[in-house]
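Engineer: Respectively, the protein sequence lines represent chains A and B.
Numbered according to the working numbering, the first sequence spans residues 1 to 117.
Numbered according to the working numbering, the second sequence spans residues 1 to 112.
It is worth saying that the hints were derived from the structure and are not from the lab.
Take every hint as true, because none was put in to throw you off.
Here are the computed lysine-lysine pairs in the DSS-like style, where the Cα-Cα straight-line distance is at most 30 Å:
id : chain 1 : residue 1 : chain 2 : residue 2
1  : A       : K109      : A       : K49
2  : A       : K58       : A       : K109
3  : B       : K13       : A       : K109
4  : A       : K112      : B       : K57
Here are a few chain A residues that face chain B, going by a calculated C-beta distance under 8 Å:
id : residue
5  : F34
6  : Q42
7  : G43
8  : N104
9  : G110
Ideal Cβ positions, reconstructed from N, Cα and C, are used throughout, including at glycine.
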Amino acid sequence: AQSVTQLDSQVPVFEEAPVELRCNYSSSVSVYLFWYVQYPNQGLQLLLKYLSGSTLVKGINGFEAEFNKSQTSFHLRKPSVHISDTAEYFCAVSESNYGGSQGNLIFGKGTKLSVKP
Amino acid sequence: KAGVTQTPRYLIKTRGQQVTLSCSPISGHRSVSWYQQTPGQGLQFLFEYFSETQRNKGNFPGRFSGRQFSNSRSEMNVSTLELGDSALYLCASSLVLVGGYTFGSGTRLTVV
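All chains should be modelled from the sequences, with the hints used to inform the complete structure.
Structural biologist: This is the structure in structure tokens:
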């Protein structure tokens, strides 16, 4: 069975500092990988996705992530954070051969990023 | 273009009642998925529909059901509500089966 582990439940960081949110997954088959962000009282917004191809994926708002198959990781990074990046971030995985669908997303428990001035 | 619209935004129901939540996907999107979000269990997959057919179902009791209409709009129904069904229910749509889902703002269900 698939699973996703987000290693840090909370990450405090100062404005303009770099940040890395860690995500490891477990799966016996090939996967698609996603990062979503959730602001208070809102739904989830897709930051970036890895479906195939280049292992370095660039997303919105200056975020990027690197797929490392050998370490089964998909860490999210941003070189300089802003106060507006304060939110909860979710890593998600789905099987790539599940009937061609990625609707069955398995989410991690989330990492709350708190950016301080 | 309009995003994924979920109605209502907030709902309070009594134990034992049933509830229907509605989701209008982005125009042209044919795939709709539903998720339950709670503080304890996090985000859990409920169903996935594509062209009116349920493709996948999560590990939820039979009290949870859903459907998709020919215009891709989707509804989910929960019968015999329990206190533990209190959650944020999120709907998401996608143009194709693979590519990344766009989520709505959710329906906050409180069961008292």
